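J.: Listed below are the residues making up each chain.
There are 2 protein chains.
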Amino acid sequence: MTQPAEASRHHTFVDACRATIGAAHVLTDPHDTAPYVTDWRRRYTGATLAVLCPSSAGEVAALVRLAVEHHIVIVPQGGNTGLAGGATPDSSGEQAVLSLKRLNRIRDIDPHNNTITVEAGVVLADVQARAQEAGRLFPLSLAAEGSCTIGGNLATNAGGTGVLRYGNTRELCLGLEIVTAQGELWDGLRGLRKDNTGYDLRDLFIGAEGTLGIITAAVMKLHPQPAARVTALAALASPHAALEFLALTQRFAGPLLTGFELMSDFCLKLVGKHFPQMRYPFAESHAQAVLLELSDSESEEHARALFERLMEHALEEGLVEDAVVAENIAQSRAFWNLREHIPLAQAEEGLNLKHDIAVPVSRIGHFIDETGAAIAEHVPGARMVTFGHLGDGNLHYNVQAPEGVDAKAFLTQYQTSIARIVYDSVHRHRGSISAEHGLGQLKIDEAMHYKQPVEVQLMRTLKAALDPLNLMNAGKVIR
Amino acid sequence: MTQPAEASRHHTFVDACRATIGAAHVLTDPHDTAPYVTDWRRRYTGATLAVLCPSSAGEVAALVRLAVEHHIVIVPQGGNTGLAGGATPDSSGEQAVLSLKRLNRIRDIDPHNNTITVEAGVVLADVQARAQEAGRLFPLSLAAEGSCTIGGNLATNAGGTGVLRYGNTRELCLGLEIVTAQGELWDGLRGLRKDNTGYDLRDLFIGAEGTLGIITAAVMKLHPQPAARVTALAALASPHAALEFLALTQRFAGPLLTGFELMSDFCLKLVGKHFPQMRYPFAESHAQAVLLELSDSESEEHARALFERLMEHALEEGLVEDAVVAENIAQSRAFWNLREHIPLAQAEEGLNLKHDIAVPVSRIGHFIDETGAAIAEHVPGARMVTFGHLGDGNLHYNVQAPEGVDAKAFLTQYQTSIARIVYDSVHRHRGSISAEHGLGQLKIDEAMHYKQPVEVQLMRTLKAALDPLNLMNAGKVIR
Numbered sequence: 001m002t003q004p005a006e007a008s009r010h011h012t013f014v015d016a017c018r019a020t021i022g023a024a025h026v027l028t029d030p031h032d033t034a035p036y037v038t039d040w041r042r043r044y045t046g047a048t049l050a051v052l053c054p055s056s057a058g059e060v061a062a063l064v065r066l067a068v069e070h071h072i073v074i075v076p077q078g079g080n081t082g083l084a085g086g087a088t089p090d091s092s093g094e095q096a097v098l099s100l101k102r103l104n105r106i107r108d109i110d111p112h113n114n115t116i117t118v119e120a121g122v123v124l125a126d127v128q129a130r131a132q133e134a135g136r137l138f139p140l141s142l143a144a145e146g147s148c149t150i151g152g153n154l155a156t157n158a159g160g161t162g163v164l165r166y167g168n169t170r171e172l173c174l175g176l177e178i179v180t181a182q183g184e185l186w187d188g189l190r191g192l193r194k195d196n197t198g199y200d201l202r203d204l205f206i207g208a209e210g211t212l213g214i215i216t217a218a219v220m221k222l223h224p225q226p227a228a229r230v231t232a233l234a235a236l237a238s239p240h241a242a243l244e245f246l247a248l249t250q251r252f253a254g255p256l257l258t259g260f261e262l263m264s265d266f267c268l269k270l271v272g273k274h275f276p277q278m279r280y281p282f283a284e285s286h287a288q289a290v291l292l293e294l295s296d297s298e299s300e301e302h303a304r305a306l307f308e309r310l311m312e313h314a315l316e317e318g319l320v321e322d323a324v325v326a327e328n329i330a331q332s333r334a335f336w337n338l339r340e341h342i343p344l345a346q347a348e349e350g351l352n353l354k355h356d357i358a359v360p361v362s363r364i365g366h367f368i369d370e371t372g373a374a375i376a377e378h379v380p381g382a383r384m385v386t387f388g389h390l391g392d393g394n395l396h397y398n399v400q401a402p403e404g405v406d407a408k409a410f411l412t413q414y415q416t417s418i419a420r421i422v423y424d425s426v427h428r429h430r431g432s433i434s435a436e437h438g439l440g441q442l443k444i445d446e447a448m449h450y451k452q453p454v455e456v457q458l459m460r461t462l463k464a465a466l467d468p469l470n471l472m473n474a475g476k477v478i479r
Numbered sequence: 001m002t003q004p005a006e007a008s009r010h011h012t013f014v015d016a017c018r019a020t021i022g023a024a025h026v027l028t029d030p031h032d033t034a035p036y037v038t039d040w041r042r043r044y045t046g047a048t049l050a051v052l053c054p055s056s057a058g059e060v061a062a063l064v065r066l067a068v069e070h071h072i073v074i075v076p077q078g079g080n081t082g083l084a085g086g087a088t089p090d091s092s093g094e095q096a097v098l099s100l101k102r103l104n105r106i107r108d109i110d111p112h113n114n115t116i117t118v119e120a121g122v123v124l125a126d127v128q129a130r131a132q133e134a135g136r137l138f139p140l141s142l143a144a145e146g147s148c149t150i151g152g153n154l155a156t157n158a159g160g161t162g163v164l165r166y167g168n169t170r171e172l173c174l175g176l177e178i179v180t181a182q183g184e185l186w187d188g189l190r191g192l193r194k195d196n197t198g199y200d201l202r203d204l205f206i207g208a209e210g211t212l213g214i215i216t217a218a219v220m221k222l223h224p225q226p227a228a229r230v231t232a233l234a235a236l237a238s239p240h241a242a243l244e245f246l247a248l249t250q251r252f253a254g255p256l257l258t259g260f261e262l263m264s265d266f267c268l269k270l271v272g273k274h275f276p277q278m279r280y281p282f283a284e285s286h287a288q289a290v291l292l293e294l295s296d297s298e299s300e301e302h303a304r305a306l307f308e309r310l311m312e313h314a315l316e317e318g319l320v321e322d323a324v325v326a327e328n329i330a331q332s333r334a335f336w337n338l339r340e341h342i343p344l345a346q347a348e349e350g351l352n353l354k355h356d357i358a359v360p361v362s363r364i365g366h367f368i369d370e371t372g373a374a375i376a377e378h379v380p381g382a383r384m385v386t387f388g389h390l391g392d393g394n395l396h397y398n399v400q401a402p403e404g405v406d407a408k409a410f411l412t413q414y415q416t417s418i419a420r421i422v423y424d425s426v427h428r429h430r431g432s433i434s435a436e437h438g439l440g441q442l443k444i445d446e447a448m449h450y451k452q453p454v455e456v457q458l459m460r461t462l463k464a465a466l467d468p469l470n471l472m473n474a475g476k477v478i479r
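Sequence lines, in order, name chains E and B. The numbers in UniProt numbering rise by one with no breaks, and the one at position 479 of the first sequence is 479. The numbers in UniProt numbering rise by one with no breaks, and the one at position 259 of the second sequence is 259.
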């Protein structure tokens, strides 16, 4: 229950915000704030004092200083496409959402330095498009790219399909502009490949999900545009064979390899069932399939010739049971479509349990064998939907109810116990329980459970040092 | 003057260290400690209470706990090849050097995960060799690789010649084992490409030069071995032309380009003067030369063909005035030798002023023009020795006394004023005054001078939070 003194403090804060950035940019009507208080997957719904929509880093800093003065928690939000509830306020109605969407300028592009300087609210697809116009590639790519923002990508250190070659969002960032928890503006917008002049503040704010300060702009790396991107599909007997095949591919293709995605046969069957227009690509069934992508700086012909030599070698060695190299861009696109339809087919099939995990690449086969066996023992007939970025050890390890079993009842009964089996197995293999989605509010307890006390203590020390009032996205990442 | 109470505290500490790691591994005789108290360039000579040589992370942790108990500053040291005095104790004789050299085990190599787990004291060349045995490449490479250690490389975020393609030491590290300033052991030895479960502690310790905690082991990334490395030399009219040529090369070669080193004509002439057996590679003089390296996953022939096409194109466009592609490995080696003999030739020519700086790649031409003009105005006849890793914007921007002028007198008179000209120019171009060597004790004042107060304050906050007693390499990086 909000006390009168509290209500007055909230009221004064909101008024001061209006005076600072204009009343039109301070939303308090529930109709206006609704889109900002529910997360993208609709797992979390909070309430908010106000949604603040500043248009510059200076305004963000001024708002944070007001928050400090009035002791208000700030929840930074980008495109609101996060998968861990990291941008959703709690239900108290005492937190303020700070939307970065109006900080949406591309401040600079420097093709000779291979950098682009963008504000936090720029949509990922717009960064990609601007880079392409300048004859460069911005390689970060993920399902939400049409609505997620670069600030959100940085705050969660987003992954996606290009990590194998280009790294996570962290590896694509050279410099940041930050509003600290004290409302100071730090211009760390350096576009340097080498700079050893003190502590790495940049990487501390990246992946911190807005709990240490607010990212308002960034200098991101660009890469040369490849002349051609060509894909191929390979059919294999097991994840173990896929690992051997990955090593062979890396030897043949080196840095030209930009995608190596594993899909179990059940994944492809699900796609075929719910999207019958998508053709199963092989003549016969195979236990596993791999989607490969080469990004070639020479030509499409060169990439295809490389694929042909690779597949010939892999077939001879018995690593691969069948293979198709895309004949043209349309077919390349079709192969990616298969991969991208797996989550959609899964949704059609019914509610399911999702786990975004990573293990060392070399452990993937053992992880799949052991975890699958443990779940099968726990829930006979449970159907594993295993696919993901094998090249970086990141699996979307999802579990669907046994055939004919009610999905909702299955979730209610097994959600916790299956997650425990999966995460215990991840932990045994020295893996990560959140490979690319972050902790948000969804996985704090799990993270605290598996992390060593000394690491949790180090995290708490940093949080207390940089945000002593606990106003920056309180309740996320760390408690 | 050390007071009796102090002397007794020091004595008790050293005795406790002997009891913990064995008297043989606690050096106090000045003859034994001498190699540890002077830096590699002999710019700094300190004194020490004792040199501690633990053999395990557990022993390091125990020694740090003793340091906390007795309030003794610990100066971590690897191969003692640093260029900024970061591993040299001060002259008080009250600091203890902690050598990591006996932590020299390669704990694990995992070719399928493309990782190697090494202790801090392993020599860089040994990491390279072990990777090669396993058919992998560990791409970090620098002049001191025969004696520097991986722990020192991490503590200073070492750069070197492969950064353009493979990144700095930071980008090559996946996980760390750390002894905190409280003497706790954190096992962060993760070998994961994706892990978003909290704050990025790893990158905070990398590049912190031992001021926040001690790195005792690390998981480092490996890459596929290229099938061939081929080099070429190109002659150009200016640094501006070299920039255009870099963009063209990146378009042609994409990620196969692993080296792009600029050398002014004066650099090559110096090499020719002091090492006459090294042939000047072109028929005529040209203002600038670039050394290019391709690392090709196909073959030497493929790399050479790519170079031929590139050079033909660049000659046609008038970007390049002349070019030589190495015919074989011996000639590739000879081209690198030219580059590596520049610092040696400089030393032969006499004492000189060295600046390890970086600017955005696109600013290199303007930086060289403007800074050169300012120095020429300040000291007519001063000779610029400008060379370095153009591909990552990192120049070794060195200045030699005018012909016939006594080098020592030149240094005494102009060291400070020329550094100010160079660093002011770096600052105007949003560059770094220490690109790959770190701050150590050499550049703290300069860093404090150029950094924004808010950044210095953030660094101080982190230092105070993680090392509240200021025992971890006190006097380095931050004051």
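Please keep in mind that the hints were generated in silico from the structure rather than gathered at the bench. Incorrect hints may appear among the rest.
Given that identical chains are not distinguished, each listed pair holds provided it fits within a single copy or across any two copies.
Heads up, simulated EDC-like pairs for lysine to aspartate or glutamate below, C-alpha to C-alpha not over 20 angstroms straight-line [to be verified]: (1) K451 to D187; (2) K273 to D108; (3) K269 to E321; (4) K451 to E377; (5) K451 to E184; (6) K354 to D126.
Keep in mind it's a predicted model, so treat the numbers as computed, not measured.
J.: Give a verdict on every hint.
T.: Structure-based check of each hint:
Taking the shortest alpha-carbon separations for K451 and D187, only the inter-copy value of 10 angstroms comes in at or below 20 angstroms, while the best intra-copy value is 33 angstroms. In the homo-oligomer, the alpha carbons of K273 and D108 never lie at most 20 angstroms apart, since the shortest distance is 47 angstroms inside one protomer and 45 angstroms across protomers. In this assembly of identical chains, K269 and E321 lie within 20 angstroms of each other by CA distance solely inside one copy; the values are 18 angstroms within and 59 angstroms between copies. Proximity of K451 and E377 under a CA criterion of 20 angstroms is satisfied in neither setting, with 27 angstroms inside one chain copy and 59 angstroms between copies.
Taking CA atoms no more than 20 angstroms apart as the test, K451 paired with E184 passes between copies only; the shortest distance there is 15 angstroms, against 32 angstroms inside one copy. Taking CA atoms no more than 20 angstroms apart as the test, K354 paired with D126 passes in neither setting, with 29 angstroms inside one copy and 42 angstroms between copies.
Violated hints, listed in ascending order, are 2, 4, 6; each of the other numbered hints is respected by the structure.
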